Each structure stands twice: as structure tokens, then as C-alpha cells.
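Chemist: Combine both chains into one complex, guided by the hints.
Chain order of the listed sequences is A and B. Each residue of the first sequence is one higher than the one before, starting from 3 at the first, in this note's numbering. Each residue of the second sequence is one higher than the one before, starting from 1123 at the first, in this note's numbering.
None of these hints come from the bench; they were simulated from the model. A quick note: this is a predicted structure, and the numbers were derived from the prediction, not measured. Note that CB positions come from ideal geometry on N, CA and C, so glycine has one too. Please note that a few of the clues may not be correct.
To be verified - The calculated lysine to any residue pairs, modelled on SDA-like cross-linking and capped at a C-alpha distance of 25 angstroms, are: (1) B:Lys1193 with A:Asp100; (2) A:Lys101 with B:Pro1197; (3) A:Lys101 with B:Val1174; (4) A:Lys72 with B:Gly1162; (5) A:Lys71 with B:Asn1224; (6) A:Lys72 with B:Glu1225; (7) A:Lys71 with B:Glu1225; (8) A:Lys101 with B:Ser1187; (9) B:Lys1193 with A:Arg43; (10) A:Lys101 with B:Thr1142; (11) B:Lys1179 with A:Thr66; (12) A:Lys101 with B:Asn1224; (13) A:Lys101 with B:Pro1230; (14) A:Lys101 with B:Gln1139; (15) B:Lys1193 with A:Val46; (16) A:Lys58 with B:Arg1233; (17) A:Lys101 with B:Thr1127; (18) A:Lys58 with B:Lys1136; (19) A:Lys101 with B:Lys1136; (20) B:Lys1179 with A:Glu7; (21) B:Lys1205 with B:Asn1224; (22) B:Lys1136 with A:Gly42; (23) B:Lys1131 with A:Arg38; (24) A:Lys101 with B:Ala1183; (25) A:Lys28 with B:Ala1183.
Unchecked claim - What the simulated footprint calls covered on chain A by chain B, stretch by stretch (three residues with Cβ under 8 angstroms from a Cβ of chain B suffice, anywhere in the stretch; the number is not a length): (26) 18 to 30; (27) 70 to 78.
To be verified - A few chain A positions that, by computed beta-carbon distances, are all more than 12 angstroms from chain B: (28) Glu8; (29) Ala12; (30) Ser14; (31) Ile15; (32) Arg56; (33) Leu63; (34) Ala84; (35) Val112; (36) Phe113.
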Amino acid sequence: SQQGEEDPQALSIQEGENATMNCSYKTSINNLQWYRQNSGRGLVHLILIRSNEREKHSGRLRVTLDTSKKSSSLLITASRAADTASYFCATDGPYNTDKLIFGTGTRLQVFP
Amino acid sequence: DGGITQSPKYLFRKEGQNVTLSCEQNLNHDAMYWYRQDPGQGLRLIYYSQIVNDFQKGDIAEGYSVSREKKESFPLTVTSAQKNPTAFYLCASSIRTSGTYNEQFFGPGTRLTVL
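One chain only, chain B, in its complex shape (with noise of 0.2 angstroms):
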């Protein structure tokens, strides 16, 4: 199955713990990006990656960090300095075709709690 994946679905954290949040994609997408959710709130955007060894910040990056060393994979690592993480995190990709946007394919999601 094509498909983009994101682990685990839930997530515990203690304060002052760095953890690190799994997405894979197997959709040949260049483009990869991290979101946080709020209740009933909409998305923003932590981080974003064109291509493999680049990545950008988004409107909330401070106390995350992400790395881009495959093309499938861009995993988001929520450190200590994050001061509010919990939330549900969405991980998505495109592909990316010159002077075209396209539509965002989206992972299931990883709800962290810190306790």
C-alpha cells in the first residue's frame, strides 16, 4: 500500500524529556511537512522540507527540531524547550512540480501528551 505512516499513535512524555516523532512515506513525494493541532483548532505549521538534507521553519518551530536525511523520511523530535507540546501532530507531503501547488497527502497523526 502507498501511503504516508506516522508512529506511535499516542505518545507519553514526562517534562523535560526530548521525544521523537516517526513519519515514512512511500509516495515518492520530495516535499515533506509537520503540523500541530490544537482542539478544535486548525493546523500550523512547525516545519517543512523540499528536498532530502533541507528543511525550513514554519510559523511555530521553536522548541522542535526535524531532519531530512532520506527522501522517505522526516522525523519531528519535540524537545524540552517546546513549553506547551501537548498536542496532535500531523505529519504530510506533495509532490512537488515546478510553479504548481499540489494537494497534501496526510498521516494518521500523533496525539502527545506530557505529564
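Isolated chain A, as found in the complex (with noise of 0.2 angstroms):
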């Protein structure tokens, strides 16, 4: 079962404007994480926050979260070509935190 659904599913913009994605979870958790993926390739960590913060920061890129609306969104300041890739999100189970629940991805595309 996938627990976080992303939207939008695909997302393109031009360099230097910013990209928001938006992930909707259905079950409490513990915290939720965001991952991206370039095309053919691993997942790479990019940010953790816990169910007790709000906002957080890494660089250029803000994650907000709120359990009451369960959902999260991760912002993407001044992109650039090289941000091109899928972005996912991925929360804990509600009862078991040894595991993660993937959501559907969204795909975004950075113009030059």
C-alpha cells in the first residue's frame, strides 16, 4: 500500500523560478521524509522532519509539515537544470517505524 500521494504528478518550469510539491499521507506517523531520483537511478535522501516541527531548512530547499492537514510540501528555491529529477515522499508506518511508505513521486523538469 503507498501511504504519501504527491502532486502534482509533473511539474515543468524555467531556471530560476521555484517548484513546490505537495505530498498528502493517511495515517499518523512519527516523521516524513523526502527523496529524490534522477532517471535510472537510486534515491538519494534530501531532508527529515519530525511530526513535532513545522518548517525546515537544507540549502535551498523547505520542507513544511502538517499533521493536522496531513500533508507536507518541499519547496525548491531558484532551480536550476540539474534539480530535473522525481521527488518523492515517505513516512513512517503508523505503528512500526522499521519500515518506510513510499508515495507516488512527482516529476519535475528545470528548463535552461
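Modeler: This is how it looks when you write it as C-alpha cells:
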């Protein structure tokens, strides 16, 4: 089963613009993570936000978490062509922190 | 270099054959995971292991088998019972810290095609 769903499924922007991706999930969580995947490659961890946090920053990334709405957003500021990739949110299970449940992903295309 | 490796990168199999995908890590991580990814989709968990000689089924374990005889290694066998095995397979590992969940580190993946 997939807990998270990203929105939009695909996003195309120009370099320098900001990109915002949203993730919704179904059950309570302990933390939420965002990962990036370049085409045909493995995933790379970007950022983790815990359920008692509302916002977190890492370089050009800003993540927010609203546990009342069961949603998170990932903002990439001043995007670059190299940011072109798929982005996935992942949550731990409601009663089991031993595994992650991944969303369906947002495919981001940044045009030079 | 520390990391997680998968081999082969591409694998072709005839129907009815079993194949084994390799996953090795030198990160000293306790936990290891196998995922399947279909085109345009997210990751689905096949099997995971928190400790040597122990593993649990994920969401789509049917037609797959694993072993965890060594901490560094978590091979996945795709058996002939798996009806639609063509997919991209990803292995991951993570540190286990009691009461805390950590990020997963992924290998580069193996693309399996059944002919």
C-alpha cells in the first residue's frame, strides 16, 4: 500500500523559478522524509522532518509539515536544470518505524 | 569508498528461471531493504531485514525470497512464481537506532527484464 501521494504528478518550470511539491498521507506518522531520484538511478535522501516540527530548511530546500491536514510540501527555490528529477515523500508506518512507505512521486523538469 | 552496491545493473531472464540480485553495503548498517519500482510509480517494499538471520515480508513478497547470512549482504531471488517480474529493483540500508528512524541509503538499482 502507498501511504503518500504527491501532487502534482509532473511539474515543468524555467530555471530560476521556485518549485513546490505537495505530499498527502493517510495515517499518523513519526516523521516524513523527502527523497530525490534521477532517471534510472537510486534515491537520494534530501531532508527529514519530525512530526513535532512544522518547518525545516536545507540549502535551497524548504519543507513544511501540517499534521492536522496530514500533508507536507517541498519547496525548491531558484531551481536549476540539475534539479530535474523525481521527488518522493516517504513516511514511517503508523505503528511501525522499521519501514518507510513511499508516495507516487512528482516528476520535476527544469528548463534552462 | 563507503556505500551500497547492486549487481548486475541490467539483467535479462527467460520465463521460468530464477534469478538472484546482489546487494552489498559497507556502511555497517543493521537494516536492509528491497524495493520494486515500476515505470512512473513509487517504491513498493518487497522484503526487509533488521538484523542478521532475520527478515520480514513487505507489501509484495509473493514470488520473491531473501537471505541475510551476513550483515553486509542481502541478496534477492526473483523466482519463477513471480508473475510479472520485469521492473527496476532497488536495495537500501539504514542505521537502526532504538526509537528513532533514520534515512535510507540506496544502491544504483538493477533493471530486470523477462524475455
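Chemist: Hint by hint, note whether the structure agrees.
Modeler: Against the structure, the hints come out as follows:
no. : hint                     : in the structure
1   : B:Lys1193 with A:Asp100  : holds (17 angstroms)
2   : A:Lys101 with B:Pro1197  : holds (18 angstroms)
3   : A:Lys101 with B:Val1174  : holds (16 angstroms)
4   : A:Lys72 with B:Gly1162   : holds (24 angstroms)
5   : A:Lys71 with B:Asn1224   : holds (24 angstroms)
6   : A:Lys72 with B:Glu1225   : holds (20 angstroms)
7   : A:Lys71 with B:Glu1225   : holds (24 angstroms)
8   : A:Lys101 with B:Ser1187  : holds (18 angstroms)
9   : B:Lys1193 with A:Arg43   : holds (24 angstroms)
10  : A:Lys101 with B:Thr1142  : holds (23 angstroms)
11  : B:Lys1179 with A:Thr66   : violated (32 angstroms)
12  : A:Lys101 with B:Asn1224  : holds (10 angstroms)
13  : A:Lys101 with B:Pro1230  : holds (20 angstroms)
14  : A:Lys101 with B:Gln1139  : violated (30 angstroms)
15  : B:Lys1193 with A:Val46   : holds (22 angstroms)
16  : A:Lys58 with B:Arg1233   : violated (35 angstroms)
17  : A:Lys101 with B:Thr1127  : holds (20 angstroms)
18  : A:Lys58 with B:Lys1136   : violated (48 angstroms)
19  : A:Lys101 with B:Lys1136  : violated (32 angstroms)
20  : B:Lys1179 with A:Glu7    : holds (23 angstroms)
21  : B:Lys1205 with B:Asn1224 : violated (33 angstroms)
22  : B:Lys1136 with A:Gly42   : holds (22 angstroms)
23  : B:Lys1131 with A:Arg38   : holds (20 angstroms)
24  : A:Lys101 with B:Ala1183  : holds (14 angstroms)
25  : A:Lys28 with B:Ala1183   : holds (23 angstroms)
26  : 18 to 30                 : violated (count 0)
27  : 70 to 78                 : violated (count 0)
28  : Glu8                     : violated (8 angstroms)
29  : Ala12                    : violated (10 angstroms)
30  : Ser14                    : holds (16 angstroms)
31  : Ile15                    : holds (20 angstroms)
32  : Arg56                    : holds (19 angstroms)
33  : Leu63                    : holds (14 angstroms)
34  : Ala84                    : holds (18 angstroms)
35  : Val112                   : holds (19 angstroms)
36  : Phe113                   : holds (20 angstroms)
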